[in-house]
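Using the sequences and the hints, build the whole thing.
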Amino acid sequence: MEELILKLKSEIIEALNLEEMSVDDIDSEAPLFIEGLGLDSIDALELTVLLEKKYALKIQTADEGKKILYSVKSMAEYISQNKK
Amino acid sequence: MTDIYIKGIGNISPQKTIDNSGFPDEVMEYPDAEYLKCIEPVYKKYIEPMASRRMSRVVKMGLYSAKTCLDEADIEKPDAIITGTGLGCVEDTEKFLTSIIQNEEKLLNPTPFIQSTHNTISAQISLFLKCHGYNYTYAHRGFSFESALLDSILMFNEKSANTILLGGVDEITENTYQITKRLGHWKRENINHLKLLEYKTKGSIAGEGSAFFLLTNQPDKANYAKISSVHAFYKPENSGIIKNEIISFLSKNNLRVEDIDVAILGLNGDKNFDEIYYKLTEEIFKNTVCAYFKHLCGEYHTASSFAMYTAANILKNQFVPDVIKFNNKPQRQYKNILIYNHYRNINHSLLLLQNA
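Here the protein sequences line up with chains G and D, keeping their order. All residue numbers for the first sequence refer to the numbering used here, where the first residue is 1 and numbers rise by one. All residue numbers for the second sequence refer to the numbering used here, where the first residue is 1001 and numbers rise by one.
Be aware that one or more of the hints could be misleading.
Straight-line distance between alpha carbons at most 25 Å, and here's what the computed DMTMM-like set of lysine to aspartate or glutamate pairs gives [claimed, not checked]:
no.: 1; chain 1: G; residue 1: K58; chain 2: G; residue 2: E29
no.: 2; chain 1: D; residue 1: K1130; chain 2: G; residue 2: D40
no.: 3; chain 1: D; residue 1: K1045; chain 2: G; residue 2: D40
no.: 4; chain 1: D; residue 1: K1067; chain 2: G; residue 2: E20
no.: 5; chain 1: D; residue 1: K1037; chain 2: D; residue 2: E1091
no.: 6; chain 1: G; residue 1: K53; chain 2: D; residue 2: E1104
no.: 7; chain 1: D; residue 1: K1095; chain 2: G; residue 2: E46
What the hints contain is simulated information worked out from the structure, not anything from laboratory work. Quantities reported herein were computed from a predicted structural model and do not represent experimental measurements.
In structure tokens, the structure reads:
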């Protein structure tokens, strides 16, 4: 899981162009939106595209998305449970 | 017509123009460059990293030069923001088109698509300033900056605004350069851009820039210049028509050719198009101080905004730098400057600037 979290953090930095950040700056359990990294709805779209492109996982509903994209840890858990 | 003045300028170009300390003394030379790219400032001064992460280079250049311009004019929020751009945010357009192809029209990243529109720059400026006034972007190829200026003049005349942020922005990318090179727009041989007029071959040198001007209807000794008139005309059939357009334009402004202290011409080194300018320098402008500028910034749709920056600095500092002189006619005072530019003999424009 730790390895996946680190990989995911790097992918998030790249996808969202967070040039000033390193993987150590992202708290795995902190909320990604509003608090924590302070991401917004466009970032949510980018993360949805990231999950589909890199892990072939499609978020089906907005409610599901809220839970999955809550933090890096919740994303990693979703990936490890559902990766084909 | 309402008097309109340039109160502030912010100009990012391939030259050191952004610090607003007058026309740069030091000329930047790019000996191996196929096209001229802007000198980019440190954007952090105005743009937070979390905001800049979604901005392409041209959006950042636009925002930074707009803010520099407003700071110089000491204006927090203009009444209107009007920009001109020939190709808009090309880099983002290329990104999302490439993404469409690579991903077989699926899974497109939203950011480049959102940011690729022509009005992204003026929209980002208005978001940054929280300016909810009139906001318009003209994308009329070689008339883009002129259209934005004309709209500004109309707004002042209608008394709809007291301050307007006017901009001309275009970027060059490797892809755009290669495509337009195949179309014969640029020189195929290696050149020194500072000697652009010596080659007498087909094509010019590509360039880019982001020039913003804070226009006001308030006279002030510190203003750069007065903008008196703008006129655009399309595909003139021959040089006689161009000459008549110039004479008629000056006449409408109660001037004769002899009253023009400096004629800034859009010479770009392309033998197919420069003949138009040479003819004017041999005829109606044979006794006029003539200057040119595209060897410093390159050719692009809104290059006349660089010419306006140049004219404003000549009028404010009463000095024509050697590097832009086309001829060596003596002149003591600079009151009336005419800019005549054309984009590939299609979009022709005349701008008249006078002492503030």
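Violated hints - listed by number, lowest first: none
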